[in-house]
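Participant: Residue-level listing of the chains:
2 protein chains.
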Amino acid sequence: MDVNIVNIKDKLSKVDELHSYKVIAQMNDYYFKIVKAKRDFIWHSHPETDEVFMVIQGKLSIDLRDQTLNIEEGEMVVIPKGIEHKPSCKEECHILLIEPSDTVNTGDAGGDLTDMKVEWI
Amino acid sequence: MDVNIVNIKDKLSKVDELHSYKVIAQMNDYYFKIVKAKRDFIWHSHPETDEVFMVIQGKLSIDLRDQTLNIEEGEMVVIPKGIEHKPSCKEECHILLIEPSDTVNTGDAGGDLTDMKVEWI
Numbered sequence: 048m049d050v051n052i053v054n055i056k057d058k059l060s061k062v063d064e065l066h067s068y069k070v071i072a073q074m075n076d077y078y079f080k081i082v083k084a085k086r087d088f089i090w091h092s093h094p095e096t097d098e099v100f101m102v103i104q105g106k107l108s109i110d111l112r113d114q115t116l117n118i119e120e121g122e123m124v125v126i127p128k129g130i131e132h133k134p135s136c137k138e139e140c141h142i143l144l145i146e147p148s149d150t151v152n153t154g155d156a157g158g159d160l161t162d163m164k165v166e167w168i
Numbered sequence: 048m049d050v051n052i053v054n055i056k057d058k059l060s061k062v063d064e065l066h067s068y069k070v071i072a073q074m075n076d077y078y079f080k081i082v083k084a085k086r087d088f089i090w091h092s093h094p095e096t097d098e099v100f101m102v103i104q105g106k107l108s109i110d111l112r113d114q115t116l117n118i119e120e121g122e123m124v125v126i127p128k129g130i131e132h133k134p135s136c137k138e139e140c141h142i143l144l145i146e147p148s149d150t151v152n153t154g155d156a157g158g159d160l161t162d163m164k165v166e167w168i
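Residue numbers (this note's numbering), protein chains in the order written: chain L, 48 to 168; chain X, 48 to 168.
If you are wondering where the hints come from, they were derived from the structure by calculation, not from laboratory data. Check each hint, because a few of them may be wrong.
No copy labels: a pair is met if it fits in one copy or bridges any two.
SDA-like mimics (lysine to any residue), calculated; alpha carbons at most 25 Å apart, straight line [stated by the list, open to error]: (1) 61 - 120; (2) 137 - 112; (3) 58 - 110; (4) 69 - 96; (5) 58 - 166; (6) 128 - 165; (7) 61 - 112; (8) 128 - 51; (9) 133 - 52; (10) 69 - 138; (11) 56 - 129; (12) 56 - 94; (13) 128 - 49; (14) 106 - 119; (15) 58 - 103; (16) 56 - 92; (17) 133 - 59; (18) 61 - 90; (19) 56 - 95; (20) 137 - 51; (21) 128 - 147; (22) 137 - 149; (23) 69 - 151; (24) 133 - 49; (25) 58 - 114; (26) 61 - 96; (27) 69 - 128.
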């Protein structure tokens with residue numbers, strides 16, 4: 048049984064593109080995915096699942112319909128299933144996402160930003 | 048819908064006992080639990096689930112039957128279901144555990160260290 052330690056910041060240092068999700072670990076049917084982001088994402092929701100955002104570096108804003116969450120390094124948030132949200136990073140931010148492996152980044156919204164690739168790093 | 052940002056180190060600063068697990072977030076049927084530890088734990092496994100350990104501060108060792116994992120701040124590991132493991136911290140370490148909400152800390156081993164309490168912080 049080969050069990051590996053995952054250094055989250057080391058993994059991020061190997062990601063050289065923005066908005067390219069990389070899987071770093073799997074727990075049961077959940078993926079731990081990292082992404083470097085600098086964009087306004089679209090409004091969407093995940094009707095089937097909660098979703099965790101953990102900020103590893105920088106600042107992430109997530110608009111909900113009735114509040115804006117400003118999440119900083121060392122902080123996390125659980126977006127409940129079915130809740131519309133719109134993540135955005137004005138400056139580059141590094142995020143760890145935790146969600147079921149079949150979760151689509153654009154949820155129920157679809158569109159050009161949909162990214163179904165599963166790449167491990 | 049009230050969605051809260053969780054600052055992991057702030058939550059840990061409010062934990063004043065060793066070996067007292069506190070839930071800080073829930074994603075579907077998974078808990079995110081923090082613990083301050085300084086002990087040799089017992090050998091056990093979780094036959095039904097993988098388990099994630101993320102080190103927030105200090106150093107955590109996890110013995111497996113064929114290797115020892117030395118996990119430092121900013122690192123994580125997934126212990127696969129059914130794999131015997133024995134966590135230990137020589138000095139105080141602060142850990143974030145991610146696992147199904149019905150996971151028992153001592154797994155299939157049971158015994159005096161079993162802790163079934165669910166306390167949010």
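Participant: Within a copy, between copies, both or neither: where do residue 69 and residue 96 come within 25 Å Cα-Cα?
Facilitator: both (20 Å within a copy, 23 Å between copies)
Participant: Using 25 Å as the alpha-carbon threshold, which applies to residue 61 and residue 96: within, between, both, or neither?
Facilitator: neither (29 Å within a copy, 29 Å between copies)
Participant: With identical chains treated as interchangeable, where does the CA-CA distance between residue 128 and residue 147 reach 25 Å or less: within a copy, between copies, both, or neither?
Facilitator: Classified as both; 12 Å inside a copy, 17 Å across copies.
Participant: 25 Å Cα cut-off: does residue 58 pair with residue 114 within a copy, between copies, both or neither?
Facilitator: between (32 Å within a copy, 22 Å between copies)
Participant: Checking residue 69 and residue 138: alpha-carbon separation at most 25 Å within a copy, between copies, both or neither?
Facilitator: This pair counts as within: shortest intra-copy Cα distance 20 Å, inter-copy 33 Å.
Participant: Can you give me the call for residue 56 and residue 92, within, between, both or neither, at a CA distance of at most 25 Å?
Facilitator: neither (28 Å within a copy, 28 Å between copies)
Participant: Is it within, between, both, or neither for residue 56 and residue 129, if the alpha carbons may be no more than 25 Å apart?
Facilitator: neither (30 Å within a copy, 28 Å between copies)
Participant: Is it within, between, both, or neither for residue 56 and residue 95, if the alpha carbons may be no more than 25 Å apart?
Facilitator: neither (29 Å within a copy, 30 Å between copies)
Participant: For residue 56 vs residue 94, is the C-alpha pair at or below 25 Å within one copy, between two copies, both, or neither?
Facilitator: Neither. Shortest intra-copy (30 Å) and inter-copy (31 Å) distances fail the 25 Å Cα cut-off.
Participant: Please sort residue 137 with residue 112 into within, between, both or neither, judging by C-alpha distance up to 25 Å.
Facilitator: Within. Shortest intra-copy distance 19 Å satisfies the 25 Å Cα cut-off; inter-copy 47 Å does not.
Participant: Have a look at residue 106 and residue 119 and pick one of within, between, both or neither, based on CA distance no larger than 25 Å.
Facilitator: Answer is both; intra-copy 5 Å and inter-copy 24 Å each pass.
Participant: Under a CA distance limit of 25 Å, which applies to residue 128 and residue 51: within one copy, between copies, both, or neither?
Facilitator: For residue 128 and residue 51, only the inter-copy Cα distance (14 Å) is at most 25 Å; the intra-copy one is 31 Å.
Hint violations for this structure: numbers 7, 11, 12, 16, 18, 19, 22, 26, all remaining hints satisfied.
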